[in-house]
Amino acid sequence: LRMGLIAAGFSEADLAALSAERRPRATVVLRATVGGIVAGVAAVPGQVVEPRTRLFEIVDTSVLHVEGFLSAVDAGRLPPPEGLEAIARPVAFRELGWTGRVIRVAPGVEKSGVLAIWSEVRNPGGELRPGMTAELTVVVSADEERVISAPAEALWPSGGDWFVFLEEGGGFRRQRVVPGRRGSRHVEIRRGLYPGDHVAVSGLDELDVALGALR
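Residue 205 is where the sequence shown starts when you use this note's numbering, and the numbers rise one by one after that.
It is worth saying that the hints were derived from the structure and are not from the lab.
Heads up, simulated SDA-like pairs for lysine to any residue below, C-alpha to C-alpha not over 25 Å straight-line: (1) K315 to E271; (2) K315 to H390; (3) K315 to R386; (4) K315 to A279.
Using the sequences and the accompanying hints, generate a full structural model.
In structure tokens:
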């Protein structure tokens, strides 16, 4: 019994107190065998529990796995992604990024036409939490020239070409662009934009009508 109590997290002081009092204590400190945060509570005060009853769920968030998806087209163009650097940017912290490595790739493409990948990222500060939604970027090569991208909703099709509405001089003007690879939220812009350019991402219908009336 003594070894079982020690394995359950009882200290020598706890056992000595139990032995001296000869009766159960009103409260007992349970020490978890792993570090982390309490993600769930399955018991309530006063509940009678049996051995192996689940009381709490403790999650170690110092290292997390991020699930992402590559389109089948992009997956065919890229080198094997396993081992490549990956950057996770949660919706709650878009200006920040957590760097990790792709540790696993699904063996096949899903019916929706995407390939699932998993990245392992370190989370020493605990800002990331299980269940968060994030954008996962796979870095193909650190030596490649950084590409320019724009939000997918900023692109406007017209006459077989693609345009964006570029902010300029307190207003907007229509700017032709040449799009490249597409992600889930952003599109690579191969020609037509420069770093630091600002484009409209909403109200494109109104801008198109207004600019057309000025011709």
